Each structure stands twice: as structure tokens, then as C-alpha cells.
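> Spelled out, the chains give:
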Amino acid sequence: MSVTYIDAIREAQETLLRDDPRVFLYGQDIATFGGAFKATKGLAELFPGRVFDSPISEDAMIGLAVGAAIEGLRPIVEMQFADFSSIAFNQIVNQAATHFYRTGIPIPITVRLPSGGTVGSGPFHSQSMEGIYAQYPGLVVLTPATVSDAYHMLIDAVALDDPVIFCEHKFLYRWLKAKSINGDLLPIGQARIIRPGKHATVVAYSAMVHEAVRAADHLQHDGWEIEVVDLRSVKPLDINTVLASVARTGRLLAVGEAFPWGGVTAEVVSRVTEEGFHLLDAPPQRLNARDTPVPYHPKLWAAHRPTPESICQALRKLLAF
Amino acid sequence: MPSFADGAVTHRDFLRSAFQSMLRARILENKLSSLYKAGKIVGGVYLGRGQEAVSATLGTALIQGQDVFAPLIRDQAGRTAFGESLLDCTRTYLGSLQGPMRGRDGNIHRGRPAEGIPAMISHLGSQVSVVAGMLFARRLQGKLDGCVGATCIGDGASSTGAFHEGINLAAVEKLPLVLVIGNNQFAYSTPNRRQFACADLVERARGYGIEGFAVDGTDLLACASVITEAIRRARAGHGPQMIVARLLRLSGHGEHDDAFYVPQNIRNDHYGRDCMEVATRQLVEHQMVTSEEIHAWNDQFADEVQRAVAQAQQEAPPDPYHEDWTALSTRFPLPLRTSSPSTVRQPAAQPVCS
Numbered sequence: 001m002s003v004t005y006i007d008a009i010r011e012a013q014e015t016l017l018r019d020d021p022r023v024f025l026y027g028q029d030i031a032t033f034g035g036a037f038k039a040t041k042g043l044a045e046l047f048p049g050r051v052f053d054s055p056i057s058e059d060a061m062i063g064l065a066v067g068a069a070i071e072g073l074r075p076i077v078e079m080q081f082a083d084f085s086s087i088a089f090n091q092i093v094n095q096a097a098t099h100f101y102r103t104g105i106p107i108p109i110t111v112r113l114p115s116g117g118t119v120g121s122g123p124f125h126s127q128s129m130e131g132i133y134a135q136y137p138g139l140v141v142l143t144p145a146t147v148s149d150a151y152h153m154l155i156d157a158v159a160l161d162d163p164v165i166f167c168e169h170k171f172l173y174r175w176l177k178a179k180s181i182n183g184d185l186l187p188i189g190q191a192r193i194i195r196p197g198k199h200a201t202v203v204a205y206s207a208m209v210h211e212a213v214r215a216a217d218h219l220q221h222d223g224w225e226i227e228v229v230d231l232r233s234v235k236p237l238d239i240n241t242v243l244a245s246v247a248r249t250g251r252l253l254a255v256g257e258a259f260p261w262g263g264v265t266a267e268v269v270s271r272v273t274e275e276g277f278h279l280l281d282a283p284p285q286r287l288n289a290r291d292t293p294v295p296y297h298p299k300l301w302a303a304h305r306p307t308p309e310s311i312c313q314a315l316r317k318l319l320a321f
Numbered sequence: 322m323p324s325f326a327d328g329a330v331t332h333r334d335f336l337r338s339a340f341q342s343m344l345r346a347r348i349l350e351n352k353l354s355s356l357y358k359a360g361k362i363v364g365g366v367y368l369g370r371g372q373e374a375v376s377a378t379l380g381t382a383l384i385q386g387q388d389v390f391a392p393l394i395r396d397q398a399g400r401t402a403f404g405e406s407l408l409d410c411t412r413t414y415l416g417s418l419q420g421p422m423r424g425r426d427g428n429i430h431r432g433r434p435a436e437g438i439p440a441m442i443s444h445l446g447s448q449v450s451v452v453a454g455m456l457f458a459r460r461l462q463g464k465l466d467g468c469v470g471a472t473c474i475g476d477g478a479s480s481t482g483a484f485h486e487g488i489n490l491a492a493v494e495k496l497p498l499v500l501v502i503g504n505n506q507f508a509y510s511t512p513n514r515r516q517f518a519c520a521d522l523v524e525r526a527r528g529y530g531i532e533g534f535a536v537d538g539t540d541l542l543a544c545a546s547v548i549t550e551a552i553r554r555a556r557a558g559h560g561p562q563m564i565v566a567r568l569l570r571l572s573g574h575g576e577h578d579d580a581f582y583v584p585q586n587i588r589n590d591h592y593g594r595d596c597m598e599v600a601t602r603q604l605v606e607h608q609m610v611t612s613e614e615i616h617a618w619n620d621q622f623a624d625e626v627q628r629a630v631a632q633a634q635q636e637a638p639p640d641p642y643h644e645d646w647t648a649l650s651t652r653f654p655l656p657l658r659t660s661s662p663s664t665v666r667q668p669a670a671q672p673v674c675s
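Each protein sequence line maps, in turn, to chains A and B.
In terms of my numbering, the first sequence has 48 at position 48, counting the first letter as 1, and numbering is strictly consecutive.
In terms of my numbering, the second sequence has 435 at position 114, counting the first letter as 1, and numbering is strictly consecutive.
There's no promise every hint is true.
Facing chain B, from chain A, some residues (calculated, C-beta under 7 Å) [as the list claims (entries may be wrong)]:
1. P55
2. Q95
3. Y101
4. P137
5. L160
6. D161
7. L185
8. A320
Listed next, with one range per pair, are the computed distances between beta-carbon atoms [to be verified]:
9. A617/B x G104/A: 34 to 42 Å
10. A520/B x K299/A: 40 to 48 Å
11. C519/B x E309/A: 53 to 61 Å
12. G463/B x A244/A: 44 to 52 Å
13. H221/A x L657/B: 32 to 40 Å
Simulated crosslink set (BS3-like; lysine-lysine; CA at most 30 Å straight-line) [to be verified]:
14. K38/A x K352/B
15. K41/A x K358/B
16. K317/A x K299/A
17. K317/A x K198/A
Derived from the structure by calculation, the hints contain no laboratory data.
If you're wondering where the values come from, they're calculated on a predicted model, not measured in any experiment.
Backbone N, C-alpha and C fix where the C-beta goes; we use that ideal spot for every residue, glycine too.
Whole structure, please, built from the sequences with the hints as guidance.
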């Protein structure tokens, strides 16, 4: 018996609908059809009047959620793909994210973004938006990398009074399995050392955690012990756990699947340089996707995002400094 | 305030009440304009001059504490009619810490969302779906019966994607949403002919599958008749209602703008007339108010405005050294947990996704 990452997301939503009458689900094709990725399969039948198909109107979907949150509900909105949330960008960053600061009324909405690349998905079904949303004040941005986190962080996200951008990785949906959803109960905002080491720190999140662990496993054959930190939440960013790791290893590589200009890896490197410059034995490094749209062809795509091979290469360079 | 809509007041009472809100708003906005020109208000001042009849009628017909009213940039009269205090306005324009926005946002970007008045953002069309969401939530909670939600936008905002998405969503859900489009002929400086190509914006209602009304926005009696009927129909379950009120903005976009681009012939035509003058004439002719009453109200409202301005000016501004510089209500870091949250349970034995 095993649980996949998307089972965990579906299960979390079932739990939330069962336990919290304030929760409802809103998104495209999520009711009868059960969602493009089946993250809501069967929930419309289990919870009549709580799971709604929306028109193809991402802006209005978030506007509706904000209005419902003002009235005391806790909507979970599914964007069919993270990429399409660009249509809802205004409502997310200007309406939802500013609301508490401006009015004192919090907006507890959870926006689920099926994120990241999968084979053949191309420029408009592969994006990683976490860095964009993390730039704006007033949002919590989560990037679960494990089955347990997919479940528990979604439960926790809905419990938060603030708007949460929940970046779930499409590649992990069915590829990632666990024996159960049991986990270590870390709160939101706390990073996890997923693999201990002493020669270098890799900071990663979402699917890149698994690529980083593979790279670390590979380098172990050569005697290198690489520590991997799973950020879990990119905003708030648990820089203390990262700094503590860098204090042990003296070397930092930040890995992300998003585009390279700015973003989460730049923030991690910037913060470590600012607050932990004295801990560094080598210039901190970043590894991101390339600065092009995400390509369609599997051969191009595989060379566009960080892979265990490119992470190994970056780590060897870092370790050789 | 008792509402026309609940049958507690007569047509005469309704019109007198709406007229008072028009007058209060006009006097308040004239004062705001003076304060702006004297350099006492930063940012901008945006007036609803010429749109008071539409806005006040809407605000008067809605029921405070029951309905939702999402005002926009030219709705001082509607806000006043819906029960927003003059102090909420002056405190927000003057940046008092005691205002609803506490100096964090200014001018017309104010509201009391928990009291059914969402605080607008500058991105036009955005409030339509928010009001729809508030109504949608009330339906889910079984609290929608008898409620309506209204929002106002201009001819320019009718060109946004958010407008289209919001009104279409409200139509799909058959929500009691009343959308008042004040077609004041200019979006900032852009005239109708550069904004849309249909003969009249009300034609769009048919495309959305909702009911539409056109009204002369300079005519208080016409506004009262049409807008109260639209609200009645929304309340009675006829779904979203669109009202297109034709009028002319009798100011610049803001007080920084002299509106040189509005041609004289447009200023001189029927819709260029001042709704305040029309309303005064109508109500006096119908013996609903006397000139003496209007004079007395003028004095009374000028005094109220003066006091609201003076009080806001005396209040403390926000202090950057004591400002709570956080945009989140959650205070991180969260405490570590020692036991499993109560919601946790084992997932289904079989994966639900194949």
C-alpha cells in the first residue's frame, strides 16, 4: 500500500471538506470531472454543494474567493496549471495580498498551483511561479516536496488566515510515493534537512529536492557528504536552518526549477551572503532553469531544468574551489 | 436608515433621503477639492460631481447591514447614503491613524469589508467578482435570502477582462448582483468612441444573459425608478442586473485634471446638465422639499463637513516608528508541534487516482 503525492493532496482536501464547513473548492473541471490531474476526484459526490466548476476566468475565480473569504469562508481555488495564474495575477497580488495590510481583514484563501515541468508540456504548462508570488508582500508561498508535506502543508495552508500560494509539483503527482502520509509535523515556515552532510549544502525545494538528493547520493561514491535542505516554504523563508547548515559545510548551492533572473535561489544566496558571509569558504552558487521559455521537446526540456547531472557538476565546481 | 426597499419609507422619503446624500457628497467633495488645491491632501482627489443622482439612489436603495455595496471612484454620494460616515472619508483623505485605512491607503481606496463595504483597488473591474464572491459565500452559508450586492464602475472599466469575467461568473451563478455602469463619456481623457464600439453598453446585458436597464443619470426621478426596480428584481431572484446610466463627469478625472479634452458641445448637451440642479428642481416642483429646507440642509451639511475635516486634521498621523510593518496576519515563526493535528487521518487504502 502506498500513497502518491496527488493522493495526499486529494486526501487533504477531503479531510478539510469533512472537518471544516468553511471550506469549499472552486476551479475549472474540478467537480464531475475531478480536476485535470484528478486532485478532486470524487469530492463533488462526497460533498454536494461544496465543489464547484468555475468558468475559464482565473481573475474572477480569485475575486470570488476573496469575496468569500471576506464573508468568513476558506476557499481552495485550483488553477488548472500554475501558468494560468498569470491571468489571476492582479487579484492575487493586488486584491488578496494587500487586503489585510490595508483593511485589517485577513483573506484566508488557498490557491493551488500545479507547477513545474513534465515531459512534453511546453512553455505554457510547465512554469514555476513561486518566485513571482514570493516577491509580493502579503502572501505565503509553499512548495511541498514530499507526500507527507503535500498533505500536512495543505491542511496547514487552509488553517492560516493569510492567502497561500500552494505550489504542488506536477512531476511529483504520481512519481512520488510514500508508505503513509505520516510526517514530522514541522510547522509552515520551517525548513527540513532532508539529507545530512558536511562538505556542502544544497538548498532546494519542490521537485528539485529529489534531484538534489540524487546528486548527493551520486557524489557520495566519491566520498563527498552533501547536506540537502528542503525549504518547504519559500515565503516565509527559513534562513536560520540554511545558515546553520552553511555554518557546518561552508559551501552553498541553491537549486530551483524557475527561471534564473532573481527568484528564490537568488534570495537564498543573497540572504546567506548578507547574514553568513563569514561562514562561506567558497562563493555561493545558484543553479536554475535556463533563461528561455520551457521547451516542448523532451531532449530540450531535460537540458533546460537542473538535473542530477547538472547539480553534480555544479557541486564539483563548488567543492573544488 | 430605513430603506425604500423594505417598504418602511415612501417614495417621497426615499427621494428626500437620496437628495440629502447628494447634497452632503457635493459639499464634502467641494471641500476636498479646496483642501487638495491648498496642498492639504496628498496623492489625489477624485470627485463624483455629476454622478450623485445615480450613486445616491443606489446607496439609498440598498439596505445597510444586509446588502453589499462596493463603491468605486465616483461614489461619495452612494457611500454617504449607505451609511459611511463623513469621518471615514476625511480620515482616509487626510491620513488619520483612526480612519479605516490607518494611513495605509488613501482617498477613495477605503471601505469596511466586514460591514459590507469592500475597499476598492485601483485595478478597474476587480470588484465585480469580489462582490459575486461575497454573495456566493452567503448562498453557501444559507444567508443569501433577501440580500443584494451592488458595485459601480465606469464606461472605461467595462473594457477590462475583469469586468467580463466577473459579470459572466455572476450570471452563471445567477447571483443577486447589481452592476451600475456610470457612462460619464470619458475614461480619464478617452472618449466613448475609443472605448467601445457598441451603440450602448446596455446591449451587453443580453450577451451575458442578464437583465439590463438604461437610465438618464442626470435625472434623480428616473434613477430612483430604474435603480430601485433593478434592485427589487435582483432581490426577488431574477439574477444579475445591469444598469447603464448616461451622464457626464462634471470634473476632471481627479482634481489635478482640468478636463480640457471635453468638448464644449458635449458640456452643453442634455447629459452635461448638473444632476444636483435637476434634482433640486424636480423635488421642489413635486413639493417634496422646499427651498428653505435646502438652505437649511446646506448649512447643516457644511457644518458637518467642516467638523469632519477639522477632527481628522487634529488626529495623529501614522508613525513609521510604531507602524506594524507586516502584511501578514500570521506571525511567523510558528511554534513547533509536538502532537499530530486533530485533522490527520490515514488516507484511503487504495490510491484514488489511477
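> Each hint needs a verdict: does it hold in this structure or not?
Consistency of the hints with the structure:
no., hint, in the structure
1, P55, "holds, 6 Å"
2, Q95, "holds, 6 Å"
3, Y101, "holds, 4 Å"
4, P137, "holds, 4 Å"
5, L160, "holds, 5 Å"
6, D161, "holds, 5 Å"
7, L185, "holds, 4 Å"
8, A320, "violated, 36 Å"
9, A617/B x G104/A: 34 to 42 Å, "holds, 38 Å"
10, A520/B x K299/A: 40 to 48 Å, "violated, 55 Å"
11, C519/B x E309/A: 53 to 61 Å, "holds, 58 Å"
12, G463/B x A244/A: 44 to 52 Å, "holds, 51 Å"
13, H221/A x L657/B: 32 to 40 Å, "holds, 35 Å"
14, K38/A x K352/B, "violated, 58 Å"
15, K41/A x K358/B, "violated, 60 Å"
16, K317/A x K299/A, "holds, 24 Å"
17, K317/A x K198/A, "holds, 16 Å"
Violation of the numbered hints given earlier is confined to hints 8, 10, 14 and 15; the remaining hints are satisfied by the structure.
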